[in-house]
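Letter by letter, the chains look like this.
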Amino acid sequence: MDVKTVRDVAKFAHIALTDEEAERYCKELGDILGYFELLNEAPECNERGVNPIMVADIIREDVPKEEFDADELLRGMDTYDRYVRGPRLS
Amino acid sequence: MSMDDVMSKLKAVNEKYRMFHAMTDDTSAGDADFLFSAKDNLTSKDMETCAGSRILEGYHPVFDATSISKLRDAGGKLVGKTNMDEFGFGTFSTNSGFEIPRNPYALDRACGGSSGGSACAASVIEDHISLGVSTGGSICCPASFCGVYGIAPTYGRVSRYGLIDYGNSLDKIGVLSQKATDLKKYMELIAGKDDRDPTSMVQPDFDTSYTKMRSVAIPKEGIEGLSKEVEAAFNNAVEQLKGMGVDVEYVDMPSLRFAMPAYYVLATSEASTNLARYVGMRYGHQDGDRTQKFDDFFTEVRTKYFGDEAKRRILLGTYARMAGFGGRHYAKAREVRQVVINDYKKVLADHDAVLAPTMPFTAPKFDDISKMSALDSYKADYLTVPANIAGTPHLSVPCGYDSEGMPVGMQFVADHWNEKVLFSVAEDWEKQFDLKRPEVSI
Chain Y
67 MDVKTVRDVA KFAHIALTDE EAERYCKELG DILGYFELLN EAPECNERGV NPIMVADIIR
127 EDVPKEEFDA DELLRGMDTY DRYVRGPRLS
Chain P
954 MSMDDVMSKL KAVNEKYRMF HAMTDDTSAG DADFLFSAKD NLTSKDMETC AGSRILEGYH
1014 PVFDATSISK LRDAGGKLVG KTNMDEFGFG TFSTNSGFEI PRNPYALDRA CGGSSGGSAC
1074 AASVIEDHIS LGVSTGGSIC CPASFCGVYG IAPTYGRVSR YGLIDYGNSL DKIGVLSQKA
1134 TDLKKYMELI AGKDDRDPTS MVQPDFDTSY TKMRSVAIPK EGIEGLSKEV EAAFNNAVEQ
1194 LKGMGVDVEY VDMPSLRFAM PAYYVLATSE ASTNLARYVG MRYGHQDGDR TQKFDDFFTE
1254 VRTKYFGDEA KRRILLGTYA RMAGFGGRHY AKAREVRQVV INDYKKVLAD HDAVLAPTMP
1314 FTAPKFDDIS KMSALDSYKA DYLTVPANIA GTPHLSVPCG YDSEGMPVGM QFVADHWNEK
1374 VLFSVAEDWE KQFDLKRPEV SI
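Note that the protein sequences, when read in sequence, are chains Y and P.
If you're matching positions, the first sequence starts at 67 in this note's numbering and goes up one per residue.
If you're matching positions, the second sequence starts at 954 in this note's numbering and goes up one per residue.
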């Protein structure tokens, strides 16, 4: 882990870092990633579940329903003509 | 003390212990059958929900989490949303954008995390139950530090609908209380399949019948690195268990030492994707300058409102998922999860539960926590992480006190869906354990 990598990852994650933060996270993440190397000593296993228990019933019927009032959902948001207002795309 | 008496003192109690981020203005219990609180990463219609993060400040959900709505339907009155580490990222509830709960037994010590406010409320308020959420130990750790009973059920036992995600494959909603008998009573109310959460399982019935615990296995890996006082209290508790007719065997579970790094790879990977949705639109703070380009807008909001530990875990998880490093470690972490599950299944084929102290030390002072490195703090979870990564139900009971009167906890881990044996041993333990409640002078 080096400071440039920390900065690249932070940019990708939309987080700005000061020089002090970049240096500090670089050291801390380096220590943590070094600890992760312990995984190389772990035994092999052919199974790799996404969840600890197999979710057998993950598919359900897609039934349309209106549970919430749209105006209630928009409450507290910055809106324009009932659209959520966002920043510029370019 | 009546529920109305409790309600009348709630504000004063909170001023002393800081367990609530948001709380009711009511001073009467009305027609409620019981009072409860919930960790602030569970959405609530009538109270702001922030999950300990300033980025969600001002967020008023339009719906209740299923676990909260089920307790309301059963006659419960939600009195407060409890303080916690930001999005659950911590072991001491000190990584919060808001108030830090204080330990009921010593105000200069932590409640544990990340459901610290819930454990504090369960410990301090009479006849109170609190909903907590565990990802890597966030129910049992604070239960241990605050001297209460706490259960994290089997993964998928309780709907995660309305839970603000930390790690989707790890998060479990459970209950904390002063009374072991409450765990079964209230878990039964919140358990069950929910069509709104695809990871809530079609599951075996919630069996509440008594099943005497006959044998426990103590992994040698679970009694390493303990403080002397925790070790002494635990050994004493093991002797008490033997006196209750429980057979005790010491076993090897070598996979446990790999659970910690695997957990942090999985948890931060999932967290970094879950937190991508907080960009200053839709939820919480929306005060960014919308004339900016979206990259700059998102970056400004996230940089301003995420706390230090949230940023650390986002960076770690984002890196862990990147090509090269990520492919290697993320895949390996998933393998390790299965290895740990297999290890538990093997031991639990011959024993009713795996037992170890819940935490390697008692509640630390805030001054000492501030001197810990991030990695030191992560490593403190080594006793609670294995059961969480395996999705196995686990329950912490208070089992002793150190020389300064701080509680020690021990944690039983049972096989998937076998919560009933945990309830039974906790209730048997409660009958003979001398619980010392904190002095609450309000």
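Hint data in this document are derived by calculation from the structure and do not stem from the laboratory.
Remember, predicted model here, so these are calculated numbers, not experimental data.
Glycine included, C-beta positions come from ideal geometry on N, C-alpha and C.
There may be inaccurate statements among the hints.
Here are a few chain P residues that face chain Y, going by a calculated C-beta distance under 10 Å [to be verified]:
1. Arg1007
2. Ala1059
3. Gly1109
4. Lys1195
5. Arg1210
6. Tyr1217
7. Gly1237
8. Tyr1272
9. Asp1387
No more than 25 Å apart at the CA atoms, straight line, and that leaves these computed lysine to aspartate or glutamate pairs for DMTMM-like [what the hints assert, rightly or not]:
10. Y:Lys131 to P:Glu1174
11. P:Lys1257 to Y:Glu107
12. P:Lys1298 to P:Asp1148
13. P:Lys1298 to Y:Glu107
14. P:Lys1299 to Y:Glu107
15. P:Lys1299 to Y:Glu87
16. Y:Lys77 to P:Glu1174
17. P:Lys1257 to P:Asp1026
Between Lys1257 of chain P and Asp1026 of chain P, does the CA-CA distance stay at or below 25 Å?
-> Violated - the C-alpha atoms of Asp1026 of chain P and Lys1257 of chain P are around 39 Å apart, more than 25 Å.
Straight-line Cα separation of Lys131 of chain Y and Glu1174 of chain P no greater than 25 Å?
-> Not OK: Lys131 of chain Y and Glu1174 of chain P at ~51 Å, beyond 25 Å, violated.
Against chain Y, is Ala1059 of chain P within 10 Å by beta-carbon distance?
-> 29 Å, violated
When the least beta-carbon distance from Tyr1217 of chain P to chain Y is tested against 10 Å, hint result = At about 7 Å, which falls below the 10 Å cut-off, the nearest Cβ of chain Y leaves the hint on Tyr1217 of chain P intact, so it holds.
Holds or violated: Lys1299 of chain P with Glu107 of chain Y, Cα cutoff 25 Å?
-> 21 Å, holds
Under the criterion of a CB-CB separation shorter than 10 Å, is Arg1210 of chain P in contact with chain Y as hinted?
-> 7 Å, holds
Proposed interface contact between Tyr1272 of chain P and chain Y, which counts if any beta carbon pair is under 10 Å = 5 Å, holds
Close enough to count: is the Cβ of Arg1007 of chain P nearer than 10 Å to one in chain Y?
-> Result: violated, 14 Å to nearest chain Y Cβ.
Within 25 Å, alpha carbon to alpha carbon, are Lys1257 of chain P and Glu107 of chain Y?
-> Distance ~39 Å between Lys1257 of chain P and Glu107 of chain Y Cα, so the pair is violated.
Quick one, is the Asp1387 of chain P hint okay against chain Y at 10 Å, beta carbons?
-> At about 36 Å, which exceeds the 10 Å cut-off, the nearest Cβ of chain Y leaves the hint on Asp1387 of chain P violated.
Restraint check, 10 Å cut-off on beta carbons, for Gly1237 of chain P near chain Y = 9 Å, holds
Satisfaction of the Gly1109 of chain P interface hint, Cβ to chain Y closer than 10 Å = 5 Å, holds
Hint compliance for this structure: hints 1, 2, 4, 9, 10, 11, 12, 15, 16 and 17 are broken, all remaining hints hold.
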